[in-house]
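Add chain B to chain A, keeping to what the hints say.
Protein chains in written order, with the numbering used here: chain A, 1 to 363; chain B, 1 to 177.
For the record, the hints were derived by calculation from the structure and aren't laboratory data.
A quick note: this is a predicted structure, and the numbers were derived from the prediction, not measured.
The beta carbon of each residue, even a glycine, is placed where N, CA and C say it ideally should be.
There could be a bad hint or two in this list.
[What the hints assert, rightly or not] Chain A is nowhere near these chain B residues, computed Cβ spacing over 12 Å in every case:
id, residue
1, 98
2, 136
3, 142
4, 145
5, 152
6, 159
[Claimed, not checked] Derived lysine-lysine pairs resembling BS3-like cross-links, with alpha carbons at most 27 Å apart:
id, chain 1, residue 1, chain 2, residue 2
7, A, 161, B, 84
8, B, 157, B, 141
9, B, 141, A, 152
10, A, 152, B, 134
11, A, 152, B, 157
[As the list claims (entries may be wrong)] Covered by chain B, per the in silico footprint, the following chain A stretches (three or more residues, Cβ under 8 Å):
id, segment
12, 155-166
13, 171-184
14, 224-235
15, 262-273
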Amino acid sequence: MAIERFLQPRASSWMANDGENVDIAMSTRIRLARNLSDFKFPYSFSEDEALKVDKEVSSVLLDKAHELNHSFTHINIQETPKLQREVLVEKHLISPYLANGTHSGSVLLSENEELSVMVNEEDHLRIQSLQSGFHLQEAYQAANQLDSLLEKNLSYAFHEKFGYLTSCPTNTGTGMRASVMLHLPALTMSHQITRIIPAISRLGMVVRGIYGEGSEALGNVYQISNQMTLGKSEYDILQDLQNMTEQIIHQERLAREAILNNSPLALEDRIYRSLGTLTHSRLLSTEEAATCLSDVRLGIDLKMIKDMDMSILNELMIFMQPAFLQQYAGKPLQPKERDVARAKLFRERLNKENATYEGEEFA
Amino acid sequence: MICDQCGERPASVIVKQKMQGQMTERHLCHVCAAENHNLNFVFEQDPMAIHQLLSNWFPKQQTSVSPVKKEVAVCPSCGFTFTKFLELGKFGCATCYEAFEPQLENIFKRLHNSNFEHAGKIPASYGSTLKIRKEIEELRKLMHVSIQNENFEEAAKFRDEIKELNLQLEGGVPDGN
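Next comes chain B alone, as it looks inside the complex:
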């Protein structure tokens, strides 16, 4: 038998490959087989793997859930559904991350060696807004406690502080520095 690829040398290797459930068989000479080997390793790594990973994510669980499957998450900002995210392998906007958050942990773990939390750089501006947001959250809790205790004077003080921080947030974000 002659090599399927070069059509010159006699075939000495049978290469069986399973792609999307289909088995292909090719008879290659030792030269082409060596090249092919290399080629597959090099180029089947990145985009395909991710795409396949994501597209294989849902179907099995989905089909078993049957009629009530309409509850697939939809991003309120760009309209991407979780299914579309899986098909495309891309997010439509920043809000998608919030909308699909429950499922993301597992996806990220698969893509990033079991990691799902950022451990790198944080934008300087974000660092300060984050602090203010957390402060506001804290003050809100205190305010509610005060109201429950009917200590309205104290609650009003907290309310004013929150108002001021909110102003800082609004004023601080658009022109950053």
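Only chain A is shown next, with the shape it has when bound in the complex:
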């Protein structure tokens, strides 16, 4: 049963290199948008209604979650300090929109963080399911089970013709956004990605960079997701996304091979320079760290760098972000101070795990 999977501790699910594409597909996410039929949507409801929605959804979820062998923690966003909200955003557990919300909102998080429900984001409910690696079906199963549990106890806004009614017409229908996070360094280096992106958008799907707002895809990490929510079943949407993602992964592998064949030394040089930067810098910006992380990750995938655990890189990708650094430091940090803290974080984490590198490079 799919549910057994979600009861495993988070650490093991990250390490569980199951599936052959876990090196390129970093994580999978399903989001379901739902609204209650008895309340106006968040763009027009009153604070009083917002409170009622929060109360109703939270009490149902906290009361019934044991039926799915989950326990949820209720976090009221307005009562959460700004920095902690940002940490949740950096972990992708809540959206920036919810974090900066003006009316009462909250997030309910499952013990392993794989399931969550945002209350009073753009819709009354945003059910989210997160899985490491490339697991669209499993992630959907988890979200769907939670959705079915909630719908038994809440009255959803549903229309015979239009399906689940949402604030944004781009979500109407299934209310589902499925996405896979992909690390595509070779397609980026070879500029093929700029041809792939428009081609995909014609097929009802979207590819975009995910880290760093308004800049290029930071760290060569892209997110591919379905754009269409109306006219296709959840199953078909997931199948299309699955097929498209597999094709992109295949293209990335071909591009990696091509680079490896054409300029192996240049590639190896780049990867080791990046490793050097991460393990020895004294000032490290987010952009530089993301670029170097991407190179090192590629180095591990191509077996150029051995004895380094990918999961540390996954963690660092999250922990190197501004709010996390400040949370760790226990105080606000100016951008320059963050660069110092970030460099220190990388030196400590990477050199501790890979003590040999330091000695070798100084020899």
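Positioned in the frame of chain A, the structure of chain B alone reads:
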């Protein structure tokens, strides 16, 4: 000429961009041009496109209709007008879907590759209420036929059945299971 973006390398590419009717021209080096290319494709996709699509929806038809344009649909529940929906790109409540229904088919077709009807999951509870509602509708028709035929005994039977189903609906929805 030096690149507009990095201010370092010589510009070798002219990037012309049309945004909201305004043409901008930038001189970029090959490095920045490549980056920019990527950037635009990646980030101009989703929210802007929808917003623009919706805001471009009405004006042309609207201006030509001139004085009698007061008949813009208004949602009776939340007060959103169709125009506000287009500006914001968001619905105010579930009733908006009913209020703006005549125009929605075309909008959804544009947003969802020519689709405008849901083909996915249906809430279990909704499935059963839907059935009851359809049954009631059917019985009402039968009742009217009976009345027209002056078969009042039969009509009373239908009326009682409808009453019972209505009770089920009222009782069934709030505590679902």
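Hint check:
1. 98: violated, 8 Å
2. 136: It holds; residue 136 of chain B is separated from chain A by about 15 Å at its closest Cβ, greater than 12 Å.
3. 142: Non-interface label on residue 142 of chain B holds, nearest chain A Cβ at 22 Å vs cutoff 12 Å.
4. 145: Holds, because the least Cβ-Cβ distance between residue 145 of chain B and chain A comes to about 25 Å, which exceeds 12 Å.
5. 152: For residue 152 of chain B, whose nearest Cβ neighbour in chain A is about 33 Å away, the distance exceeds 12 Å, so it holds.
6. 159: holds, 26 Å
7. A:161 with B:84: Cα-Cα ~23 Å, so holds.
8. B:157 with B:141: This hinted pair holds, its Cα atoms lying about 13 Å apart.
9. B:141 with A:152: Violated, at about 31 Å.
10. A:152 with B:134: holds, 21 Å
11. A:152 with B:157: violated, 33 Å
12. 155-166: holds (count 12)
13. 171-184: Per the Cβ count (4), the hint holds.
14. 224-235: holds (count 8)
15. 262-273: With 0 residues close enough to chain B, the hint is violated.
Hint compliance for this structure: hints 1, 9, 11 and 15 are broken, all remaining hints hold.
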